[in-house]
Amino acid sequence: MLVQAVAFLSRLAIPLLLLLLMAAGVRKRLRLYELFVEGAKEGFDTAVQILPYLLAMFVALGILRESGAFDAVLGLVGPLTEAIGVPREVLPLALLRPLSGSGALGAMSELFASHGPDSQIGLMASVIQGSTETTFYVLTVYFGSVGVKKVRHALAVGVWADVFAFLLAVYAVQLMF
Amino acid sequence: MLNAIWAGMIIVGICFAMVHPERGMEHITHAVFRASEQAVAVALGLIGLLAFWSGIMRVAEEAGFTRLIARLLAPLVRRLFPSVPPDHPAMGSMLMALSANMLGLGNAATPLGLRAMRDLRDLDPHGDEATDAMCTFLALSTAGVTIIPSTVIALRAAQGSSDPTAIVGPTLVATMLSTVIAVVLDRLYRGGRR
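If you're matching them up, the sequences are chains A and B in order. Counting the first sequence from 1 gives a position; the numbering used here is that position plus 655. Counting the second sequence from 1 gives a position; the numbering used here is that position plus 102.
Think of the hints as simulated: they come from the structure by calculation, not from any bench. Accuracy of the hints is not assured; some may be wrong.
[Said to hold, decoys possible] For each label pair, taking beta carbons as the anchor points, the in silico distance ranges come out as: (1) B:Ser-138 - A:Ala-660: 36 to 46 Å; (2) A:Leu-750 - B:Ser-138: 40 to 50 Å; (3) B:Cys-117 - A:Phe-699: 35 to 45 Å; (4) A:Tyr-688 - B:Gly-166: 17 to 27 Å.
What you are looking at is a predicted structure, and each value in this text was computed from that prediction instead of being measured. We treat Cβ as the ideally placed atom computed from N, Cα and C, and that holds for glycine.
Let the hints inform the model, and build the full structure from the sequences given.
Here it is, written out as structure tokens:
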């Protein structure tokens, strides 16, 4: 029942958002078309800006995979994480995610390329990427901007939240797909 | 940090291949060439949907969606920040930052978040230590409930997914639960210090 509700939400999210947006925009007499086009230009730039980051991660992960080093390391750690239901393939993504948003995006995209976006690994990678944050980056930038040097428990909370989000993402996918 | 990790990945990979020559070094060369082509294909495939999303999100900002979510969140957020007066500017800027985060407006969320940190600093202008409110705000920002993970959806579509939005529901559930966990942990850590 809950699983169906969540799946229903997934199907409905985008059309519903579009409908609400257009209705709100028309009511407020926004220049909808012009706003959309302006925003879309930014998106184009973003896609082009992402390319070097994707390239860097694809190359490094490709070398690790082809050399057999990946299998060797993940072969050691994999059985441990697989005992709690976490497939070894998503571990590199989990390690990169709190450090670098674009690096993690590259790792996710590489998993799509090697396993397919609709495989269980691909789905897990998607939910992991969507549910976790670049915790170290956010912490550094936010606290740095106001001169805070003693971050107290904020780092521990951020890291633990990412660990839980990661596990929840893995289990949510196993439950739903 | 990432500089060392990235270089390390390549160095480890190549050295590993050298001590296991039976696999053949030419595989490494092929991997580099193939990876480069793949990266370009993915980034180009991404342009359409990412541009679409940025356009939609610009409309969402102008239509007042961030403001709407901020209003819905207000009662809950006030309760989480007992040390911040409800009418203080910090409350407003935190709400806007968290709302932008939920909508996946990454570019808008960071400046709003920095603004919120400055307003929180005004409540406690002395010292270089994070306040309780700052820690809670960071916990909420890094756990971040996500309604629409737009970049993930765009990449899934660009790489041939038959159902790119299938992950919206699980992502929402996972982030809601992890936000609750982050808030609880924040309370536990804070309590433990006193």
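Each hint, compared with the structure:
Checked against the hint of 36 to 46 Å, the C-beta distance between B:Ser-138 and A:Ala-660 comes to roughly 43 Å, which is consistent with it. Between A:Leu-750 and B:Ser-138 the C-beta distance comes to about 23 Å, which lies outside the given range of 40 to 50 Å. Between B:Cys-117 and A:Phe-699 the beta carbon distance is about 40 Å. The supplied range of 35 to 45 Å therefore holds. Against the hinted window of 17 to 27 Å, the Cβ-Cβ separation of A:Tyr-688 and B:Gly-166 comes to about 18 Å, which satisfies the hint.
Going through the hint list in order, the structure does not satisfy hint 2, though it satisfies all others.
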